[in-house]
Every structure is written in structure tokens, then in C-alpha cells.
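Taken in order, these protein sequences are the chains called A, B and C.
Using my numbering, read the first sequence as starting at 191 and increasing by one per residue.
Using my numbering, read the second sequence as starting at 13 and increasing by one per residue.
Using my numbering, read the third sequence as starting at 8 and increasing by one per residue.
These are computed hints drawn from the structure, not numbers from a lab.
Possibly wrong hints are sitting among the right ones.
[Claimed, not checked] Listed next, the stretches of chain C that the computed footprint assigns to chain A, with coverage defined by at least 3 CB atoms under 8 Å from CB atoms of chain A:
#, segment
1, 101–110
2, 244–257
[As the list claims (entries may be wrong)] From the derived model, a few chain B residues whose C-beta atoms are all more than 12 Å from chain C:
#, residue
3, Pro56
4, Asn164
5, Asp183
6, Lys191
7, Lys200
8, Leu235
9, Asn256
10, Leu258
11, Ile295
12, Thr299
[To be verified] Listed next, the in silico DMTMM-like pairs over lysine to aspartate or glutamate satisfying Cα-Cα at most 25 Å (straight line):
#, chain 1, residue 1, chain 2, residue 2
13, C, Lys259, B, Glu90
14, A, Lys265, C, Glu99
15, B, Lys148, B, Glu90
16, B, Lys125, C, Glu257
17, A, Lys391, A, Asp297
18, C, Lys258, B, Asp75
19, C, Lys201, A, Asp388
20, B, Lys35, C, Glu257
21, C, Lys20, B, Glu44
22, C, Lys262, B, Glu36
23, B, Lys200, B, Asp75
24, C, Lys262, B, Glu44
Glycine residues also receive a C-beta, built at the ideal position from the N, C-alpha and C atoms.
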Amino acid sequence: MKRFIYILLFFLILVNLSYRLEKVRAVKEKATEILYLPRGKILRNIALDHRNSLADFLWLQFIQYYGYHLQTDRKYPYLYPILDVLTDLDEKFLYAYTFGSVLLAHDAKDRYHAEKLLMKAMYNDPYKWQYPFWMGFLNYVFFKDYKKAAQFFKLATLEPGAPDMCFRFYAFIYYRKLKDLETALRLWKYMYENAKSDFEKKIAEDYIKKTIVKIHERDLTKIVRNFIKKEKYYPRTLEELIKKGYLKEIPQHPYGGYYYIRGDSVYSETPKK
Amino acid sequence: MDGKNIIEVKNLAKFFKTGLKKKEILHSISFEIKKGEIFGFLGPNGAGKTTTIKILTGLLNYDSGEVRVFGFEPGNKEARKRIGFLPEQPYFYDHLTGYEFLEFTGELYGIEKSKLKKLIPELLEVVGLKEAGNKKIRTYSRGMLQRIGIANTLIRDPELLILDEPLTGLDPIGRKEIKDLIFEQKKKGKTVFFSSHILPDAEQVCDRVGVIFNGKIIKTGPLAEILREKVKNYEIIVKNVDLNTLNGFHYEKIGNEVLINVPEEKVEESIKKLLEKNNNLKIIRITPEVYTLEEWFVEIIKEK
Amino acid sequence: MRRIFAIAKNTFKELTRQKIFFIIVLFGFAMLFISFFLYPLSVGEQSKIIRDFGLSAITFFNTLLVIITGSALLHKEMDKRTIYLVITTPVERREIIIGKFLGLFMIVVINILGMEIFHQILIFFTDRKFDLSMFIALYPYIFEIGIIIGILLFFSTFTGTLFSAFMGFAFYVIGHLIESLKLFAEVSKSVFLKIFSYFLYYFLPNLEHFNIKNKVVYGEIPGREYFIFSTSYGLIFIILLLYTSSLIFEKKEFK
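The following block holds chain A by itself, in its conformation from the complex:
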């Protein structure tokens, strides 16, 4: 019994020390957290037959890394290196390519690496429609490069098993080539419905809301300009539009903000969190 108490006591001290060490070490940990990431090609050989498990392990590290920086400085210098090693280890890690490229484009604002990652995906796994589709998607919504987007959507339609979504997007952009908010909204809604993770869903949801705000602003501005033309004076509030019968009701701001008129245009104010 006495011995058991000794052992327990030792353990309690150890837990306490371990906890303190964690705190002490964590202070400077972040600066150098993954400087030691070895090259993927080398790692492939070392990992022997455990490549995919190692890739999965890195994936966990990646998510942790992303999550940590999302909550703190929103800087992601190692996002691409991790993804690169990860996809070297597991060349067909679809989710790492697609989700990774979205994070690179959206969070890191790193078009070069986002596209590079997807090009690598297409090289490693050429018969997947998802990669050209995502390439088109990123170009359409983030980089506003409609020509490139249309090209990749077209490529996606040529891959086996491509859903008609690809064709519709391709057709739409190819023929209209203009900034069409409804298409963007449809695209984001599709992404939202097919999202595999909360991260993805949140990004899509955010873009859906942003697009809705833009649509509202555009439509209201149209009404305001029509009002000025007919009534020959500038309305001050949206309520005036309702009184005169130009507008049925003020649309709801998806973020809980409000719309206001300045000059002949309508703008919106989104509340800060």
C-alpha cells in the first residue's frame, strides 16, 4: 500500500511537470513548428509501406496547423510545403488537393501555389474530373479569370463521370463571360451542399452570404436609379421606395446588417463581430 502511494505520488508530480513543460515549450514552439519537415521524396523512402498512414498523420498535423493559425495570426507560410509533402507521400489524396487548394486561394491568398497544387493533382491522377473542375472554380470565384475558368470547366466535362454541373458552368461562362452573381451563387450553393467538412461549409456559406449581399445591392441600386428617373429627386431612405410603391419590402441582410443609399447607389453595412 505504501509503495502504491509512492508510485502514485511520483505520477502526480510527473503529470504536473509535463504540463508545465508543455507550457514552457509552447511559448516558442510556433516559430519553428515545422521547419523540420523533410522532403516528401525522401520521406517516401523512409516511410516504406506506411506512406499513406504517414500522409494521414501529416494531414492531422496540417489540420492542426491550419486551425491554429486560423484562430491566431491568419498567416500560413507552411500551408503549401505541408500539402506538397503530403501529396508526395499519398499521390491520390483527393481531399488534400481540393481542400488544400481552396485554403491556399481563400485563406493564404496564394494563387500560384493553389494552382500548382491542382496541376500536380492533374499530373498525378489525370482522369479525375474534380481537379479541373476545382481549377475552374478557383479561377472563377477567387481569381476572376473567367477565360481560364471556362477552359478548365470544359476540361472537367471531358473526364469520365463528370456531372453535368461542369458542363453548365462551362457553357455559362463561355457564352456570357460576364460577372454573373446568380451563377456565382449557384456555384457556391453547390459547393455548400457537397462540402465534406465544416471548414468547407463555412467558407461556402460565407461566400453565399456575400454573394446575396452583392445581389441585393445590385437590385436595389437599379430600383433607386429608376426612382430618380421617374420622381426627379434623390431618395434618402429605402422606406421612401416602399412608400411610392417601387419596392415591396427591404430585403434581409444575411449578416444582420443593413442597406443604405448614398447618391444613386445602394451600399450595405455588415456588423463587425
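Add chains B and C to chain A, keeping to what the hints say.
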């Protein structure tokens, strides 16, 4: 415990577990060893000798009964201080020289360095390893190993020597030397407990023996008593006898002497008969025919 | 104390007179030396590479040395029955455990120092100056090695050589990956899994606590607090392992 008994064993039992099965190795054995005697623990291989010795030295625990060594539980530090132990077919640290090995165990016994410097060469000389002391133990022969083992048991000048099969695997000269060493220890007033399955050696050395067979003690007592117990025949050696008069006797002719074998109760009657029939008869010797320990042992085991 | 020292000395002699010991040590030094010749390949990064590679070679080969020799430390004596001669002297069994520990530990510490001195010479050739911070990087590693020896001794008291070696290796690997277990605990939704992984996280030795190599290489030296905590964590873990090993060894029978 009266002060005379160095080891007391009462109803000692020991089991070995192999998987779920329990095998009884020692069935309630009892014996004691008195101060200053040489006690031979005899029995065939696998009888339980080594198990008993390991219990006495604290290498094994026991399951029931009572064991006292110098009045302590076996394996107690105080008991260990007073015991010199030689395991069966001992192995030593190959990487050490004989000298280094004795230095190591000497330090474990807490002997001072300066003392060891004097003591070790003396010991090496006693056991006849003076020259080999600086050679690696790896190069030692069987007999040399046994000798360095004996030197190791003597290093602390212990009151009790426990030797497990000290004579096994040695040539006759080696056996003689080790027997002499045992006698010498006895002369110094030490107690010696040794096990053996080679009986003639035990016969020459032991004051008292305990015989163990299949985990049971069959007999303990002074050697002479045990042997005399079994005396049944007498040998009468005579000269100048007419062989025709010897009808009905077991006899054997050796040169010009004749050895006649008669049962104990017929000795007087037989001599009378012989004297009547042979005028020139000369009786050379009448001796009880003593069993050797070996013969005795074979007989005992046959009975069981 | 003298008996512990005698056993430590004997262990020291035993191990240093083994062939395998020299082979591993030789390989370690060879590895260090090879890293020196990598430097034309490393394009401008030679001084970083010689540091990284050197520290890795030192820790890798010493861990290997400990796992191979440490797992046989007690078993060799039991198999060869030399332990009979030790156990029956007035030595306490815990003194055997501590002595064995110290013997191997001393060898490794000396080996680490020797290899690091050699490493310093290589650094001097590339940088024209010594980098003594490498010694600081290796200081906590000494406790890691101590813990691994403790684990090997602990398992040696009741299992075989191979299994002990395997467990030593497993603890080494787990000890370095263990911080992912904490992540798992944090993410895990099941309360049972959460408690279980937190328990394991604090129960198993966290060897990452002793890994400051990748910081020191970049010139970041942790504060005094780190050294106080890691030293006490290491020492207490070693004491705990030796204590429990002794408790088991005390009851051990030698058939």
C-alpha cells in the same frame, strides 16, 4: 533454534507452476545442519537438491514450511553475509580476469580495496590459480572455473559454505584438491553444506548426510550409522582350508586365502564348524561387510 | 553505495568489452564523418546540415546502442546464471538495478560527449569556430536516454530480451509522437476516449520534452525554466522506473 543448528528446515514445500499446472518439487522436507559439520546432500539428478539450495540462498521463494539460516529467513542480508555459495556448474563474467572477478565480488561483500589487494593473490594461490589470475575467465577450463568459484565462496571467510555439486566435471586430481579444501574449512571450524550425486566422494568427505529422492528426504544422519544399519553379512577370511569342507558356504578363492561369506546370525556357528573340520585352519580376518554409500543408495531407490 | 558502484563498474567493463558495442560506436562516428562530406552537395547550407546531421547521428546511434545493449543487461546475467553469484552476496536487489542503470548510463554519457567533441571538430572545419550550443541541445537528450534505459530494465525484470528491446523501441517512437495523442484527446468527441487518451498522454513518457535540437540549431535556446522542469521530469521518471523495476526484481525467483 538452539545455537548449534546453522540451518533448520521444517516441512519445506515448493511448487513450480508451468502454465496452469502445479508441480510439487519438494514434498515437505525437514533437516538441520549443525555447526562445524560437513553435510552431504545426496540424491540423483532431479531429486530437488538444487531447488533446496536455491531456497536456502534466497534465489527461490518457498511455498510452505519453515526455513531458518543462522536464525534468519533465507535470503536475508545478514544470512547472505555469512554464506559462501558455489552454484551448480557456475558461470562467471567472461569478460573479467580471475583477479577482477574476485575484486568485484569482494567489493559486493564490502571488503576494503587495500585488504582485497592482499587477499586475492592469497586466495588464488590457495585454489591453485596463481598463474591464471590475470587471464580472462573465458579461457578457463572446467576445473579452473570450479576453483575460481571456490575462491569466490571463500573471499568473505564465511561461516557456512554452500556448494552445489562442487565435484562434478572434475578430474580425480581436481576432486582431491577440492575435497582437501573442504576438509581444511572444516578444520577452521566452518560448516559445509554440499550436494552431490557422486557418492564415493561424499563418503570420503561427509560427517552427516541427507538423502533426497523425488522431493522427499529419505534419510538423514551420521554417515557411519546409516551404513552400519544395512550390515547383514560378515566376511571371514581363512587360510589352510580344505575346500571340500566348505559345502553349503558362499566362498571365493583368492590366492591361497579363501573368503567366506556368512549371514550375521550364523557367524559363530560357522566358525565352530570350520574349526572342527580343519586342523590347520588359520583365521585371518572377520569383518562386517559394509555397504558402500552407492550400494546403499541403489538399494534404497529400488525399494521405493 | 560502494556495491552500486561495483556493479556499475562491472557493467561498464562488460559492455565496453563487447564487440557489438564497438561496432555501433564506430558506425556512429562514421556517420558523423560522412555528414562532413555531404557538404559540397548542400549548397550554402553546410553549417546547418552539419549541425542537423551531427545531432541526429549522435541521438540515433546512442538510442540504438542503448536499446540493443540495455535489453540484454539483466537477461545475460540470468541466462548465464552469473546473477546467482551476485544475488547471494549481501547486495540488495535494488542496488543491482541501480548499478546496472548507472553502468550503461555512464557509457552512453561518455559516448555522447565523445561524439559531440568529434562533431565540434567537424563544425570547426566548416565554420572556423566551435558551436558549444550543441552541448546544450544534447543535455535534455541524456534524460531521454535515461528513461529508455529505465524502460528496458523495467521490462527486463519480467519479460525476455527481445520483448524488452521491442518495448524500448516502441516507447521511443511513441514518446516522440505522443503529442498527437493530445490532439486526438482534444478533438475526440467520446468522453471515454478523451479521458483514455489524456490518461495515456500523461502516463507515457513524453520524450518530446527532451527534444530541443530543432530549436538550438536555429539559435533558440530555451529559458532557465525549461531546464529546471525538463531535468526534474527526467529525473523523477527515471527514479519511478527504477523504483518499480526494483519492486518486481525484489520478488523475482531464479530458476
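Status of each hint after checking the structure:
no., hint, in the structure
1, 101–110, "violated (count 0)"
2, 244–257, "holds (count 6)"
3, Pro56, "holds (19 Å)"
4, Asn164, "violated (7 Å)"
5, Asp183, "holds (23 Å)"
6, Lys191, "holds (22 Å)"
7, Lys200, "holds (21 Å)"
8, Leu235, "holds (27 Å)"
9, Asn256, "holds (65 Å)"
10, Leu258, "holds (59 Å)"
11, Ile295, "holds (56 Å)"
12, Thr299, "holds (45 Å)"
13, C:Lys259 x B:Glu90, "holds (19 Å)"
14, A:Lys265 x C:Glu99, "violated (60 Å)"
15, B:Lys148 x B:Glu90, "violated (32 Å)"
16, B:Lys125 x C:Glu257, "violated (28 Å)"
17, A:Lys391 x A:Asp297, "holds (14 Å)"
18, C:Lys258 x B:Asp75, "holds (13 Å)"
19, C:Lys201 x A:Asp388, "holds (21 Å)"
20, B:Lys35 x C:Glu257, "holds (24 Å)"
21, C:Lys20 x B:Glu44, "violated (41 Å)"
22, C:Lys262 x B:Glu36, "holds (14 Å)"
23, B:Lys200 x B:Asp75, "violated (35 Å)"
24, C:Lys262 x B:Glu44, "holds (24 Å)"
Figure legend: structure checked against the earlier numbered hints; hints not met, in rising order: 1, 4, 14, 15, 16, 21, 23.
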